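**Student:** Residues per chain are reported as follows:
Protein chains: 4
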Amino acid sequence: MKIGFVGLGKMGSAMAQNLLRAGHELSVYNRSRGKAEPLIQQGARVADSPADAARHSEAVFTMLPDDHAVEEVMFGHDGLLAGLDQGAAHVSSSTISINAARRFTEEHSQHGSRFVTAAVFGRPQAAEAKQLLVVTAGDQQTVERLGPAFDAIGRRTFVVGNEPWQANMFKLFGNFMIATVLETFGEAFAAIRSSGADHHQFLEIMGELFGSPVYKNYGKAIADENFSPAGFELKLGLKDVRLALEAAAEFNSPLPIGSLVRDHFLSALAHNQEKLDWSSIALVSARSAGLND
Amino acid sequence: MKIGFVGLGKMGSAMAQNLLRAGHELSVYNRSRGKAEPLIQQGARVADSPADAARHSEAVFTMLPDDHAVEEVMFGHDGLLAGLDQGAAHVSSSTISINAARRFTEEHSQHGSRFVTAAVFGRPQAAEAKQLLVVTAGDQQTVERLGPAFDAIGRRTFVVGNEPWQANMFKLFGNFMIATVLETFGEAFAAIRSSGADHHQFLEIMGELFGSPVYKNYGKAIADENFSPAGFELKLGLKDVRLALEAAAEFNSPLPIGSLVRDHFLSALAHNQEKLDWSSIALVSARSAGLND
Amino acid sequence: MKIGFVGLGKMGSAMAQNLLRAGHELSVYNRSRGKAEPLIQQGARVADSPADAARHSEAVFTMLPDDHAVEEVMFGHDGLLAGLDQGAAHVSSSTISINAARRFTEEHSQHGSRFVTAAVFGRPQAAEAKQLLVVTAGDQQTVERLGPAFDAIGRRTFVVGNEPWQANMFKLFGNFMIATVLETFGEAFAAIRSSGADHHQFLEIMGELFGSPVYKNYGKAIADENFSPAGFELKLGLKDVRLALEAAAEFNSPLPIGSLVRDHFLSALAHNQEKLDWSSIALVSARSAGLND
Amino acid sequence: MKIGFVGLGKMGSAMAQNLLRAGHELSVYNRSRGKAEPLIQQGARVADSPADAARHSEAVFTMLPDDHAVEEVMFGHDGLLAGLDQGAAHVSSSTISINAARRFTEEHSQHGSRFVTAAVFGRPQAAEAKQLLVVTAGDQQTVERLGPAFDAIGRRTFVVGNEPWQANMFKLFGNFMIATVLETFGEAFAAIRSSGADHHQFLEIMGELFGSPVYKNYGKAIADENFSPAGFELKLGLKDVRLALEAAAEFNSPLPIGSLVRDHFLSALAHNQEKLDWSSIALVSARSAGLND
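Protein chains in written order, with my numbering: chain A, 7 to 299; chain B, 7 to 299; chain C, 7 to 299; chain D, 7 to 299.
You can take every hint at face value.
The list cannot tell twin chains apart, which means a pair is met if one copy fits it or any two copies do.
With a cut-off of at most 25 angstroms between alpha-carbon atoms, the simulated SDA-like pairs for lysine to any residue come out as follows: (1) Lys241 <-> Glu252; (2) Lys41 <-> Asp58; (3) Lys245 <-> Ser201; (4) Lys241 <-> Gly202; (5) Lys16 <-> Glu214; (6) Lys245 <-> Arg109; (7) Lys41 <-> Gln131; (8) Lys245 <-> Arg199; (9) Lys226 <-> Glu214; (10) Lys136 <-> Pro219; (11) Lys281 <-> Asp299; (12) Lys281 <-> Leu297; (13) Lys241 <-> Asn298; (14) Lys222 <-> Val165.
I should point out that these hints are in silico values taken from the structure, not numbers from a laboratory. The model shown is predicted, which means the values in this text are computed figures rather than measured ones.
With the rest of the complex left out, here is chain A:
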């Protein structure tokens, strides 16, 4: 398949590489060109602009930090929409708001192209190892046609609806579920440390009890206070929880743990943790308990 790829951060680069490896023909674009180099050496063509990456592609992926960045790439100078063929697809893997997803869907529809969400779960290492979970939604035929591309980047694909925003909703709530785990470890460790007991031992038991890599890996990072370099920056974690809260609010659904986690992310920002991993939310509980002050 002829595929464009815009946004070559850690996640995007790993995904693009796996598309290449699976034999797809790739045009890549990144604002700072340096990040494209390793892919060029592996056979990718470098594009001059999002429009250029989109031109003659059957699909163009975007992996960007937020709504605004996607908007820029779509509508900015030499933007993606300007280059995209009729009938081709814009596959958005960025974690964006459900409202933006709806707006982009409408705009592609008017342009004669397709907007498809293919959100991914997994940290950069999982992306490299082709172990992502792909959660996709959009026009059924288009989603089916994209199957081989999804197979190239993940270990399993979930098709969750005909409307792209539904996949964004699932991604946001999946991140809400993970953020809650980070927060609970923070609270439990603070209490256990305050009692004088060994929180590493508690972690070991929780690893066995839950039997989950999410608990093991994040739990260890938190127990060791190993928050840098960030796998996923705290300010992005806050953004996602904020978007989950907004999505829930649209449907008049309260999300009290979401509210609490948002408050703690804000307190983390007030203590200069924006560049630390989002698991450093645990420091907020530690400080509340008079530890780490």
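We have chain A already, so just place chains B, C and D on it with the hints.
**Tutor:** Chains B, C and D in isolation, oriented as in the chain A frame:
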């Protein structure tokens, strides 16, 4: 080993059975004698009282609902303490407060016997299958001596300290971690159902993302609203979260998700859910979002 | 003073009337013209558009529901900015976001006019009785020049800064303080009613303890469940708390009670309370406690 | 009336003095006798024990810190119950749990005497100025008979039921209402300070908006961070919110703001604020926002 066992509910019966199977000599006691029958048929001796179950035993287990029940069994008429030999151990598997554990430790010490906590994680089926996690603390020699008994009931034993209450602390916070999972599923499902999306599909993705039986099993019960018969009654879930909050408070450690979960358990009680499984806490979020009213 | 007034809801009409009574020359505009009639009979000129209301006025007030409405009035067809003289002032009494206030300030500055916030505290009856509290911020000279207009509508004016958004910030947090009172009454009454005690008697004591009309009046409405007609609609209450949360978030300041109140307003919306008075947030606590189901 | 008084802290001393001034015959007892001196000089008789203070009295007041202290005074060596005449009343002004109130009611009933709650609202200065609010409940005849004593210590008396615990319930929830005000000031000030605006000015507006001495006085203490000496110690504030939560829980009523306030009081204790005034809970919000660190 010659072992007494007091408290033959679902968990206690399964544990006692595995002690029998492992070749230990067992005296069992339960207030309502009927529950002892299946064990008697498998070779257990029935005791007339906690004192009788304790007499000449190297260790006597108690698996009872709360502090008060353990107190009754220890000090009531023909109580456990009255029968327990010098140097023998009282192994408490009940989920009790850290304060009660300290008090019982002291009282056994004065009596010349040993109090040991051996808290267990796992639902009744896990107990039957010898798959419990045993979290134990207490006098080191005594704990070591009890190793074979712990091996008989669980798949792994964690020794977490010399003071019995530390194992109770870990048990309470483990249950806090699980209760939080129940609550997050409730909140996420309510939002997803309100949006019109399919929460069973979300569950499937979470099962894959977390890779944890806790998420899969409880998630399914909540998605199906399958809360009866209870594996663990909601009123006991509230008790445990309350005890975790009290334990944290003793060390001046806030536990905000614990507070939130406690409030939701109370709302569940106000809607007559005390006999439902504790995972029915999810109904509180559903009602808040105007679902299930 | 020659004054324009756009937005003749309950609050706007009462304020406009007091400006008339104080001898100011008034041009009034409302989308649905009917609401202007009583003012026309008292000597106001009716304007055809926001631009018309602004033309030749020294100041034009807007009293509108939200950011979007103010934006429409400013920039829409025959908008306020098109009619406003150089050096004249746009006095915004609407409860809007601090970001919108900053944007409007900038846009007026480019147009050569002045944006001033004059937020008001008080319900419609207080507006009629000239008992509002006026909280104003903006260019110092302009604010001073507007003094007589503020005196005409309120019992006291507070000048809180040179930047208009600061007055919006104070208004939002004032509403947060009131919303919290509504929520606490809801929680306390639910517990007291559940206990079988008389919550009207509790209210009487609180009236005496706090000695505040806010407590007395809102407390009575809540105790009587008298939520319609709304003095201030619940959906507007939610909007204000949301804006307070956003304002706090901009400065990395958590607002946990704000988060909790927001969640309860959402639950109220899920139970069709959008048109009830915002004090009906108390119904959420009643339902949580199993009352009013 | 012949009255005993046990517990001569700031509040108790002021109340006892007003009873003396109103012409009642007073026997006073305090564990450390020094505190009785000023009252002796004004004509009070000093008692050797609670029993002695109770002997031949028509009523004996207790003003003590908690359940445990009341229990000691009632049942300890030479305790109040040992001295109290048949038909005489024990008037408890201490802020105790509703469960303790029920237990004491029962015990007095068996003894042939009466337990009456007469909770008071007001700080020590209000007590001196005879400006307390008295909230009383108990046997109707006894409460009526005590009217002159209540008139001597407060500006108004509320009779709220026939069961003493009901007055304790009202007292606990009144303190919950005040604690919430402290917390909201903390949150709002933190956001306003973070924005660079002047929180003293915000306080001035709130003083006018609410028109309440509670808002004015506590708001000023918080704005000035003037927390010592304590009018009411933070650890007692935590105790009262904890008791309100327990009382609500007994009736299956969640109290989410109560939970949040409890968590913040705990964080305050973790930062050594137990001896500061309970209004210092505001420091928790300041620290969360990265201020005061």
